[in-house]
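Engineer: Below, each chain spelled out in residue letters.
2 protein chains.
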Amino acid sequence: MALQALVFDAYGTLFDVHAVIRRCEEFWPGKGLQLSQAWRAKQLEYTWQRSLMRRYVPFSQVTREALAYACESLQLGLGRGKADALMGEYLKLALYPDVAGTLEKLKSRLAILSNGSPDMLGPLVQNSGLKVDAVLSVDELKIFKPAPQVYQLAVDRLGVAKEHIGFVSSNCWDALGARSFGFTVYWINRGGAPVDRLGFQPDKIATSLHEVLL
Amino acid sequence: MALQALVFDAYGTLFDVHAVIRRCEEFWPGKGLQLSQAWRAKQLEYTWQRSLMRRYVPFSQVTREALAYACESLQLGLGRGKADALMGEYLKLALYPDVAGTLEKLKSRLAILSNGSPDMLGPLVQNSGLKVDAVLSVDELKIFKPAPQVYQLAVDRLGVAKEHIGFVSSNCWDALGARSFGFTVYWINRGGAPVDRLGFQPDKIATSLHEVLL
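So the sequence lines, in the order shown, correspond to chains B and Y. Mind the numbering: the first sequence is residues 0 to 213 in numbering that gives the first Met the number 0, read in order. Mind the numbering: the second sequence is residues 0 to 213 in numbering that gives the first Met the number 0, read in order.
Source of the hints: derived by calculation from the structure; they are not laboratory data. Heads up, the beta-carbon is just placed ideally off N, CA and C, and yes, glycines get one too. Treat the hints with care, since some could be wrong.
Claimed, not checked - One-sided and incomplete, this derived list gives chain Y residues near chain B with beta-carbon spacing under 8 angstroms: (1) E64; (2) D132; (3) G176; (4) A192.
Claimed, not checked - Across the chosen pairs, the derived CB separations fall in these ranges: (5) B:Q36 to Y:K91: 32 to 42 angstroms; (6) B:A18 to Y:I204: 46 to 56 angstroms; (7) Y:G78 to B:A82: 44 to 54 angstroms; (8) B:G76 to Y:D83: 44 to 54 angstroms; (9) Y:G121 to B:D132: 27 to 37 angstroms; (10) B:L73 to Y:E25: 26 to 36 angstroms; (11) Y:E162 to B:E103: 25 to 35 angstroms; (12) Y:G87 to B:K104: 50 to 60 angstroms; (13) B:L73 to Y:I204: 35 to 45 angstroms; (14) B:E24 to Y:Q74: 20 to 30 angstroms; (15) B:G87 to Y:G87: 49 to 59 angstroms; (16) B:L73 to Y:H209: 22 to 32 angstroms; (17) B:G87 to Y:I204: 25 to 35 angstroms; (18) B:G76 to Y:G121: 22 to 32 angstroms.
Claimed, not checked - Which residues of chain B face chain Y? A few of them, derived with a C-beta cut under 8 angstroms, are: (19) R53; (20) A67; (21) P147; (22) S179; (23) L197; (24) G198.
The shape of chain B in the complex, shown without the other chains:
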């Protein structure tokens, strides 16, 4: 396969969001998993709903608002201190163990394409030490994934035709959005989930980055 560039989703694909779950559990013992799941679900809903409403705000704001909703729905008290601490976790997430070793061996151009706004994504990539050719945020487009113009951003910035771009995501709907756009896609199915029914199939399904790319 003549792929000239590989484009990676960030959260859940390269970066392990489990540190957020641990911190939730510290603050609200016994509720950490439930809260973090509710938070993540609402965060994604808001990205889709705001995109359709044409009421984009940066992912940092969406994430903070989703946290407030999730805490209220579970009747967990959230002050400014806890909110700041949880948002702070997003800036220093660990890479999955298979990431650094895999990316080093790749010869193609590498990019990150994320919903994350620059105020979240910039510090995160900086802290991780990861070396990529481009860090692309939907923020300049004011719309979230899986809108096709998001994937087009990678084409424009990398200067590589979509037929020669491979896209890697652990979010099936993101992978299928990229497939619908025209990328070759790898779905990293870390959680053993079914394939989403969105009219497309991933080109390859794997359980780790290592398995897909080497």
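Put chain Y on the given structure of chain B with help from the hints.
Structural biologist: Leaving out everything else, chain Y in the frame of chain B:
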């Protein structure tokens, strides 16, 4: 308030979807609630994701695909017979007890504005005996709520300016999408949920149709 028309969401607002839960429970004892929640969540996700991907398919197909996903995720066997039976429930949902009595008393023009495709919505309204001036489906626009053009459809079809339209939904994000568009909105909070954080507030929050409209 000089509202000349009231526009209602269908599923969960006028029509009680609990019959679907009961049927799920019949097929998979002990799993009915969990399945119906997973089904509904995925159904909505697919409407948002497909809208953003520009890959619209009718709500009947979205609903069937979400059911297949939800059953696979819970490892519940779903054959054609069960799928057809569950989809069939959607065509004969009961009205909430407060609907018929409330709507009869209203002097303004009444419409339904739904994600439901005509193959679902037509039989449902027919079976219910409900009398409204217009039954509007997003299907002709090929995009789902909360895209603003969906709410514009009601303006166009009713010939009433948006400032004079009241919109009623039990889905908070739908109510806020309508509020963002410019309708006066009533959120029927049947489940005691928090207000979604989408940059808008409902004009009124109530627990039943009766409470809002009289």
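Engineer: Checking against the hints above, which ones are violated?
Structural biologist: Hints 2, 6, 9, 11, 13 and 18 not satisfied by this model.
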